[in-house]
Amino acid sequence: DAKTTQPPSMDCAEGRAANLPCNHSTISGNEYVYWYRQIHSQGPQYIIHGLKNNETNEMASLIITEDRKSSTLILPHATLRDTAVYYCIVRARWGKLQFGAGTQVVVTP
Amino acid sequence: ETGVTQSPTHLIKTRGQQVTLRCSSQSGHNTVSWYQQALGQGPQFIFQYYREEENGRGNFPPRFSGLQFPNYSSELNVNALELDDSALYLCASSPEGGNEKLFFGSGTQLSVL
Numbered sequence: 002d003a004k005t006t007q008p009p010s011m012d013c014a015e016g017r018a019a020n021l022p023c024n025h026s027t028i029s030g031n032e033y034v035y036w037y038r039q040i041h042s043q044g045p046q047y048i049i050h051g052l053k054n055n056e057t058n059e060m061a062s063l064i065i066t067e068d069r070k071s072s073t074l075i076l077p078h079a080t081l082r083d084t085a086v087y088y089c090i091v092r093a094r095w096g097k098l099q100f101g102a103g104t105q106v107v108v109t110p
Numbered sequence: 017e018t019g020v021t022q023s024p025t026h027l028i029k030t031r032g033q034q035v036t037l038r039c040s041s042q043s044g045h046n047t048v049s050w051y052q053q054a055l056g057q058g059p060q061f062i063f064q065y066y067r068e069e070e071n072g073r074g075n076f077p078p079r080f081s082g083l084q085f086p087n088y089s090s091e092l093n094v095n096a097l098e099l100d101d102s103a104l105y106l107c108a109s110s111p112e113g114g115n116e117k118l119f120f121g122s123g124t125q126l127s128v129l
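Which chain is which? The protein sequence lines are V and X, in order.
Take 2 as the starting number for the first sequence in my numbering and just add one per residue.
Take 17 as the starting number for the second sequence in my numbering and just add one per residue.
Some hints could be false.
Stated by the list, open to error - Using 27 Å as the maximum straight-line C-alpha spacing, the simulated BS3-like pairs for lysine-lysine come out as follows:
(1) Lys53/V to Lys117/X
(2) Lys4/V to Lys53/V
(3) Lys4/V to Lys117/X
(4) Lys4/V to Lys70/V
(5) Lys70/V to Lys29/X
(6) Lys70/V to Lys53/V
Hints in this document: simulated from the structure, not taken from any laboratory.
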């Protein structure tokens, strides 16, 4: 599985959009981009995934560049409950999840 | 709510002992995977079970073993515990074959003294 690069931390003001970048320059054609988050003392929670098209669900939007070498997770209106570690993972459809260190997002009032 | 439950929530063992951790998968999910998460790091894949058979394994020694039962619940067994085995152990379940989303439990915190 390809590896990803994420900033170690970022802050976001409550009510503002949070844009979380991820680089995955060695992604293969059959690998999806997944995002999970982990709130302190809980297991990871699925957020969204995509192959090449942009995706949106009730939690977030995922923007994947045309060359698929990077992506951005957008939390449209961050709340205090969005404070968590966010993991960007590339994964073949039947493959294991390989977590990196993720991005620690702190949402401040 | 994910519906994945793990027991116990916390456990303390001494070096050399053996431990069994348990996981009940979400209803309708036949695939279970286990992850180890050391403090300050992301979870690391241990292995996955699909319909009672192991069908994928990460870079963990044979003293890490598992089982999946006909009701798709699962156990993780670790023999000859080492201090470095201290970690949060996460179980995740998913529908057929492990595709798409994984649903994680809250984990078992294992401390090896």
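* **Those earlier numbered hints the structure runs against, lowest number first** => Those not satisfied come down to hint 5.
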